[in-house]
Amino acid sequence: MLNFSKINIILIYLIFFFIAIFSVLNLQNKDNIIIDKKVNLGLDLQGGSYLLLEINSDSLVEEKIQSKVIPIKKLLKDNNLKYENFKIRDKSLTFFIEDVEKFELLFFSKKENLVNPYIDNYRSFELDYKLLGNNNIEILFSKFGLLTINNSALKQSIEIVRRRIDDVGTKEPTILQRGDKRILVELPGLKDPERIKKLLGKTAQLNFRLVSDNSDFGTEDLVSELGETLKVSKRIVMSGENLIDAQPSIQNQKNEPSVSFTLDRLGSQKFGRATTDNVGKRLAIVLDGKIISAPNINEPITSGKGIISGNFSFQEATDLSLLLRSGALPTPLDVVEERTVGPDLGEDSIRSGIISLIVGFVLVIIFMFFKYKIFGLVANTALIANLLMLVGILTILEATLTLPGIAGIILTIGMAVDANVLIFERIREELKTEKSIIHAFDSGYSKAKITVLDANITTLIAAIILFAFGSGPVKGFAITLGIGIITTLFTAYFLARHLTSMIVLKNNNRGLKI
Amino acid sequence: MIKNINFVSKFKKANFISIIIFFLSIFFISLKGLNYGIDFKGGTLIELRTDVTVNASSIRDSLKSMNLGDINVKKFGIDGDYLIKVEQKNVNNSNLIPEIKKTLSDNLNADVDFRRVENVGPKVSSELLESSIIAISLALAAMLFYIWVRFEWQFSVGSIIALFHDVIITLGIFSILSLEINLSIIAAVLTIVGYSMNDTVVIYDRIRENLFKYTKISISDVANLSINETLARTVITSVTTLLALLSIYLLGGEILRGFSFAMILGVIIGTYSSIFVASPILKFFRVSYKTLEKEEKKIEP
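Residue numbers (numbering that gives the first Met the number 0), protein chains in the order written: chain A, 0 to 513; chain B, 0 to 300.
What the hints contain is simulated information worked out from the structure, not anything from laboratory work.
Where hints are given, some of them may not hold.
[As the list claims (entries may be wrong)] Below, in silico cross-link-like pairs of lysine-lysine (DSSO-like), each with a Cα-Cα straight-line distance of 27 angstroms or less:
no. : chain 1 : residue 1 : chain 2 : residue 2
1   : B       : Lys100    : A       : Lys190
2   : B       : Lys289    : A       : Lys448
3   : B       : Lys212    : B       : Lys40
4   : A       : Lys90     : B       : Lys122
5   : A       : Lys201    : B       : Lys122
6   : B       : Lys212    : A       : Lys431
7   : A       : Lys86     : A       : Lys37
8   : B       : Lys282    : A       : Lys180
9   : B       : Lys100    : B       : Lys289
10  : B       : Lys282    : A       : Lys154
[What the hints assert, rightly or not] Label-pair distances were calculated between CB atoms; the ranges are:
no. : chain 1 : residue 1 : chain 2 : residue 2 : range
11  : A       : Asn120    : B       : Ala109    : 25 to 35 angstroms
12  : A       : Asn120    : B       : Leu249    : 52 to 62 angstroms
13  : B       : Ile16     : A       : Asp179    : 42 to 52 angstroms
14  : A       : Pro299    : B       : Glu126    : 50 to 60 angstroms
15  : B       : Ser104    : A       : Thr173    : 50 to 60 angstroms
16  : A       : Lys512    : B       : Leu249    : 28 to 38 angstroms
17  : B       : Gly32     : A       : Leu376    : 43 to 53 angstroms
18  : A       : Lys190    : B       : Leu249    : 25 to 35 angstroms
19  : A       : Glu433    : B       : Gly32     : 51 to 61 angstroms
20  : B       : Gly32     : A       : Ser108    : 38 to 48 angstroms
Just so you know, even glycine gets a beta-carbon here, dropped at the ideal spot from N, CA and C.
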C-alpha cells in the first residue's frame, strides 16, 4: 500500500490540482471574470423569496362544464332525443332522457364529436356519464378530461407567471413545475416580495361590460370604484384577450395616473361597434369581478386605443398595465408555501457561517496536531486538500450553497479526520506486533481500508436520502455532506497515504512513532 | 493510553439505563408530543428586528387585535430581534404580512424590519411531515439492508436497534425540553443515523475480524476486546466531530442552533449506543465464530 508508481503519483496530484483550482474561482472579482463558474448562494444566504403556488382548477371545471350546456342541448335536439329536467350542477349536468342507448351511441361517437371529443393521447373521451337510475343521467368530465384541463391550465399559468415576473425585472428567477398542480418560483435578491405576491395573486381577468337594466343575458350587481351599486350586464363586450399592449400614462387634464391600452384588430372592431351602438351609456371595466371604473361612453371609439382611469396611484397603474400585458391566469393561484429571507439576514448568516467554519477548522487541526504530531500534519494537509476539493467540486457543479450546506462542510471537517484516525490507530496496533515499520504501515492501510469504506458508505446513504427527500436548504446540506464523503475518501486514501509513504520511506530506520 | 476497560461488566447496568430512557422517551413523545414548527404544523413565522428595545409581551399585545389565533413571540439572538409564530387560521389572506407589519409599526411606534418570513400552508406542512417520516424510515431500511449485505443478519438487527435507540432518545429529549422540530432537525436526525451507523460499523468490523482470529473465546470477550481496540478511534472521532459541532452551535447563528444541538446530542448518544447497545445485542443473539462460518459457507458452497 505504500508503493506508488510515478504515474499514480502524477495522476493523484493532477486530479487534486484540477479540482482544487476551481475553488479559487470563487474569489474572482466581479468585473473581471475569467471562467464563469461559481458556487451559487442559496436564497437563505443571499436573500430572496421562495414561493410555491398551487393552481385551483375547480372554478375552471365549473366554467368548462357550463360551456357544454349549449352543445349538449343542441345534440339532443338535432337527434330528436327527448329530455327533461336539465340542471347545471357545480361540476356536472343532469337531465332525464327517454332513449339512453341512442344517447350513448351519439355521446361516445369517435367521429367528429364536437360535444365530447376523443383525446387520442389518453385514449379516452373528454366527458363521461353516469346513470343515476330511472333514465336520469349525469354528465361530468372523465378522469383524463380533468387531467387535460388541469395540465393545460398549469402550463398556461407557468407561462403567465413567467411573463409577469420577467416584466418586473428580477434577476435570474427560477420558475418550475412541481407535481401536477404546483409552480415553484425562486426569486433571488428580491427587495419587495409582497409586490410579486400581489401580482401573482391576481388572475387579472379583464372584461368590458355595459351598465344596463336589460336582462337578456342576465345582470349582476357590482360596486363601482365610487361606491355606487351598478347593474351590469353579464354579456361581455370585449375581454382582456384582445389587448395587445397596456402602458401606464399620466392624463394631462387631471394629472391622474391611468392605463392606456391598445387593442388587436378583432378587439378594435368589437369595441368600435359596442361604443357606437351605446353612446351615452356607461361601460363597466371589470377586473376579477370588481369594477375598476365605469365611464360614460361619450363618443364611439374606433381607433382601437383607450384609457382606463380609476383613481390609481402610479404604482397601481404600472402594476395593472403589467397584469394586462401579461394576460390573465386561467385559474387563481394560491401561495401554499413561502420563505423569504431579507438580504441583511443573509449577510449575517454568511458571516456567522464562515466564522464557525474557520473556528471549527482550526480547533480540529490543533487537536489532530497534538494527537499525532508529524502524522497530524499529514492528516491536516489532507484536511485542507479536502476542503479545497469540496469547494472545487461545488464550483464545478455550480451547486447551491445554503446555510445548512455550510454546516455540512463544517461537519465534514469534523468527520473527515475519521478516515485518517482509523488508519493511524490501525497502524499503531500493527506497530506493536510488526517489526518492520514499512510492513506495519502497509498492513495498517490495507486492513483499515474496508472499515473506512463501510463507515463512509453509511453516511453517504444518509446523504443521498436527504438529497432525495429534502427541499431547498436541506438539500444544500445533503450535497455538501455527500461530496464531502467522496473528497474525504480521496484525500485520505491517496493524498495522505502518499504523504505518509514519503515520510515512512525516508525515516524507515529511525524508530518512527505514530 | 486507557487500556482494557471491562465493558462487558457494565453492559447490564447500561442496558438497564438505556431501556428506561428509551421508554421514558416514548412516554414523553406519545403523551407530551413533539413541538412541531411551522414546517410540519403550518402557519407563519416572522423574524423581525426593531431599533428600540421592545419586549415580547408588547409585540404579543399589539397583535392581539388582529385575531390571528395562537401567537408565540420570543427573543431571538441579540436585543431587538424577535421571532413571531402565528398559527394561522385564514391561510388565504395574501395581505397578512403587510398587515402584521403595519400593525406592529403603528402600535410599537418603531421601525420594524422583517428579516425572514416563512409561511407554510396546511397541505404543504402535512406533506413535509409525511416525506420526513418516509425519509427517516427509508434511511433506517437502507442501513438495515447495507449491514445485512456486508455482515450477518444478527449484526444488521443489532445496528438497527441501536439506531432506533438513538433516534427515539434524541426526539425524546426534544420532547422533554419542548424544543422545536422542523426540517433542519429532520436533517440532523438523518445525519445522526449515518454517524451512529458509522461508529457501529467500525466496532462490528473489528468484532467480525476478531471472531475469525480468536475462535475459542466467547462473544462477550471478543466484543470487549474489539471495543477496546477501537476505543481510541471512537473517542478521537467523537471529539473532532463535537469540536466542529460546538463551533456551529456557539458561532453559527440562531438558525443553526437547533440543528447543531440535535447533532451534538446525536453524536454523544450514537457513540454510546455503538458500544453499549449494538455490541451486547450480538451476545443476545449468541453470535459466534460458527455464525460467521455458516454464512461464509452459504456464500461459497
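Comparing the hints with the structure gives:
no.	hint	verdict
1	B:Lys100 / A:Lys190	15 angstroms, holds
2	B:Lys289 / A:Lys448	25 angstroms, holds
3	B:Lys212 / B:Lys40	54 angstroms, violated
4	A:Lys90 / B:Lys122	23 angstroms, holds
5	A:Lys201 / B:Lys122	21 angstroms, holds
6	B:Lys212 / A:Lys431	17 angstroms, holds
7	A:Lys86 / A:Lys37	62 angstroms, violated
8	B:Lys282 / A:Lys180	53 angstroms, violated
9	B:Lys100 / B:Lys289	71 angstroms, violated
10	B:Lys282 / A:Lys154	60 angstroms, violated
11	A:Asn120 / B:Ala109: 25 to 35 angstroms	59 angstroms, violated
12	A:Asn120 / B:Leu249: 52 to 62 angstroms	58 angstroms, holds
13	B:Ile16 / A:Asp179: 42 to 52 angstroms	50 angstroms, holds
14	A:Pro299 / B:Glu126: 50 to 60 angstroms	55 angstroms, holds
15	B:Ser104 / A:Thr173: 50 to 60 angstroms	32 angstroms, violated
16	A:Lys512 / B:Leu249: 28 to 38 angstroms	35 angstroms, holds
17	B:Gly32 / A:Leu376: 43 to 53 angstroms	50 angstroms, holds
18	A:Lys190 / B:Leu249: 25 to 35 angstroms	32 angstroms, holds
19	A:Glu433 / B:Gly32: 51 to 61 angstroms	56 angstroms, holds
20	B:Gly32 / A:Ser108: 38 to 48 angstroms	59 angstroms, violated
Comparing the model with each numbered hint stated earlier shows that hints 3, 7, 8, 9, 10, 11, 15 and 20 do not hold.
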